[in-house]
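Chain A is already provided as a structure; the job is to place chain B on it using the hints.
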Amino acid sequence: MTDILKIADKTFSSRLFTGTGKFSNSQVMRDAIIASKSELVTVALKRVDIADESDDMLLHLKANHINLLPNTSGVRTAKEAVFAAQLAREALETNWIKLEIHPDPKYLLPDPIETLKAAEELVKLGFIVMPYIHADPVLCKRLEQVGAQCVMPLGAPIGSNKGLKTMDFLEIIIEQSNVPVIVDAGIGAPSHAAYAMELGADAVLVNTAIAVSQNPIQMGIAFKKAVQAGRMAYKAKLAPAKKQAEASSPLTSFLNL
Amino acid sequence: MTTFKNTFEKYDWDILENEIYSITENDVRDVLLKDKIDLQDFKKLISPAAKPFLEEMAQRSHQLTKKRFGNTMQMFIPMYLSNECQNICTYCGFSMINKIKRKTLSDKEIIDEVNHIKKLGYNHILLVTGEANQKVGVSYIKHAIDLIRNHFSNISIEVQPMDQDEYETLIAAGLYAVLVYQETYHKNTYKVHHPKGRKSNFDYRLDTPDRLGKAGIHKIGIGALFGLEDWRVDSFYTALHLKYLQKTYWKTTYSISFPRLRPHEGDVQPKVEMTDADLVQLICAYRMLDQDVELSMSTRESEVFRNNIIKLGITSMSAESKTNPGGYSVEADSLEQFEISDKRSTNEIKNMIERQGYQVVWKDWEKNYSETI
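Chains as they are written, first to last, in UniProt numbering: chain A, 1 to 257; chain B, 1 to 373.
Any given hint might turn out to be false.
In silico BS3-like cross-links for lysine-lysine, where the CA-CA straight-line distance does not exceed 25 Å [unchecked claim]:
{"no.": "1", "chain 1": "B", "residue 1": "Lys243", "chain 2": "A", "residue 2": "Lys106"}
{"no.": "2", "chain 1": "B", "residue 1": "Lys67", "chain 2": "A", "residue 2": "Lys106"}
{"no.": "3", "chain 1": "B", "residue 1": "Lys66", "chain 2": "B", "residue 2": "Lys34"}
{"no.": "4", "chain 1": "A", "residue 1": "Lys106", "chain 2": "B", "residue 2": "Lys5"}
{"no.": "5", "chain 1": "A", "residue 1": "Lys37", "chain 2": "A", "residue 2": "Lys162"}
{"no.": "6", "chain 1": "B", "residue 1": "Lys367", "chain 2": "A", "residue 2": "Lys117"}
{"no.": "7", "chain 1": "A", "residue 1": "Lys165", "chain 2": "B", "residue 2": "Lys66"}
{"no.": "8", "chain 1": "B", "residue 1": "Lys251", "chain 2": "A", "residue 2": "Lys162"}
{"no.": "9", "chain 1": "B", "residue 1": "Lys34", "chain 2": "A", "residue 2": "Lys165"}
To list a few chain A residues with every Cβ distance to chain B over 12 Å, as calculated [unchecked claim]:
{"no.": "10", "residue": "Leu5"}
{"no.": "11", "residue": "Thr11"}
{"no.": "12", "residue": "Glu93"}
{"no.": "13", "residue": "Val146"}
{"no.": "14", "residue": "Thr252"}
{"no.": "15", "residue": "Asn256"}
If you are wondering where the hints come from, they were derived from the structure by calculation, not from laboratory data. No residue lacks a Cβ here, since even glycine has one placed at the ideal position from N, Cα and C.
Extracted from the complex, chain A is given alone in its bound form (with noise of 0.2 Å):
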């Protein structure tokens, strides 16, 4: 059976997503980055310098499944956002945006509205725009509405390895929206990953969980495998959770009721 995330015009069919930071070294990204077969990375654009064509980082990530998703982490306004995304189409030769603009860098919690600015006038400017945003149900149908072709809503602060927290607005969210719900940051551990896909998530984003790891390969395989799961159960349809135990011999049959 296939199962083909679409995103604007690109296909994936990992629903794995990944990050380049906190790794110990470029070697280590890359070799976790392909175990997990991911096939959309996340890179700063501050962290690489794109004037140099030796750059440690980018040349790590050449590989032909690899597609970049450059983002503009260290922006604090829509006008920085918007600048940064065309500095990095020009540098690395994608439309494509993760568009960050966490003005408080202390939990990198995104501004709600500079981020809808920047989206609007970005998609505008022919832009595939990935928002990174909190778990709140109107402004990802506002986003929608502006033409972000997913949303990515945070299931913890980033980097803070706590899960899903926002599940009950990731439903919601989940429920209403026309296009790919990607869930980012705050994925700690692969059930939390497989949690997330069984909700009904398109995709997921994992970066610290991976990075941080003792074994970032290992890690890498076990996110993987855990979105992999996730999504095949949430296809198959979950059993209904029941508060009570449900007896398979009943005790009032007796009563032919």
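Same frame as chain A, but now just chain B:
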């Protein structure tokens, strides 16, 4: 207008000192059971009673840092532009009364230094001057930023405190961060060590981070100069300052540095000693208090200390630093502000960091982001 001064004045040095030195091991044990560390807990973690728990604190600091910053170490290098100074700071080699040859780099000399630094691989630079408003005022610093901005992704300064509008001018020119250390939060001791010049104004210096925050700077570096006063009380005030700033100027990133007084040309040697174990304790305590604050380590510290501090909570480091204007290429022998302890080359430091499983990060900013504000 509310500034940090209002918060600062609610605290009394002697009371704090007494509290910190009365803490018991049991108090510390309670803190170690907590997930969220507040300023009260921080006092306990920097107290002498916490010494037996140093290994546990180090493990916590390592884990927290790794989670937030990953296996990475950012590199930066200082570039001294001038040793002109109209202040008397009793501990500083550049102090006005020291009979040294004064030098301010010309445009050509700045470019020569930049060319040397770029060959070493740096992309983040820290510009340093003394305090001489005529010779190295705002216009000189702005001019220096204009000269070098195409060569670096990230430009910081450590110079005299300025007014808000002056900072706004420099930010517009591409300035990313300002480091301004209070030296000591003990008002009387501060006066003793800064008897003359604009720097003798304690309050103006104290509220400098407020002016920076209002100007919309990306990053502010704070800290105390260890050796002037009791490091524990000074560090509590630094933490208090940090927490105030984070709440007030929430879009700004913060860093803390740990300069320990080193032998120099002046007449004051450290009054209060801070041992290596003390410094490790403090670094770990800051990390436990705040998982996001950047912690920076200079070449003032020894090779052995720097080799072993990589995993304990530090997030950025300098290497191969020269603390004299023109020290890299122009005038290698002019007088240093302070003596460097770790003299290893940038490449040696890079290898040392990588051997410990950390990635050296040369670039973590896009200079064009600063242009558009």
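Hint check: Lys37 of chain A vs Lys162 of chain A, CA-CA at most 25 Å. Holds or violated?
holds (24 Å)
Interface-negative label, Asn256 of chain A against chain B, beta-carbon threshold 12 Å:
Given a closest Cβ separation of 57 Å, the condition holds.
Between Lys367 of chain B and Lys117 of chain A, does the CA-CA distance stay at or below 25 Å?
Answer holds: Lys367 of chain B to Lys117 of chain A is near 23 Å, not above 25 Å.
Given the hinted pair Lys34 of chain B and Lys165 of chain A, is their Cα-Cα distance within 25 Å?
holds (21 Å)
Compute the least Cβ-Cβ separation between Thr252 of chain A and chain B, then decide whether it is above 12 Å.
It holds; Thr252 of chain A is separated from chain B by about 49 Å at its closest Cβ, greater than 12 Å.
Straight-line Cα separation of Lys106 of chain A and Lys5 of chain B no greater than 25 Å?
holds (24 Å)
Would you mind confirming whether the straight-line C-alpha gap from Lys67 of chain B to Lys106 of chain A stays at or under 25 Å?
holds (13 Å)
Mind verifying the non-interface call on Glu93 of chain A? Its CB should be farther than 12 Å from each CB in chain B.
The claim holds: Glu93 of chain A sits with its nearest Cβ about 17 Å from chain B, beyond 12 Å.
For the pair supplied as a hint, Lys243 of chain B and Lys106 of chain A, is the alpha-carbon distance within the 25 Å limit?
holds (12 Å)
Would the non-interface assignment of Leu5 of chain A survive a Cβ cutoff of 12 Å against chain B?
holds (27 Å)
Are the Cα positions of Lys165 of chain A and Lys66 of chain B separated by 25 Å at most?
Satisfied, since the Cα-Cα distance of roughly 22 Å is no more than 25 Å.
Please settle this one: Thr11 of chain A was flagged as non-interface, so is its CB more than 12 Å from every CB on chain B?
holds (31 Å)
Comparing the model with each earlier hint shows no violations; every hint is respected.
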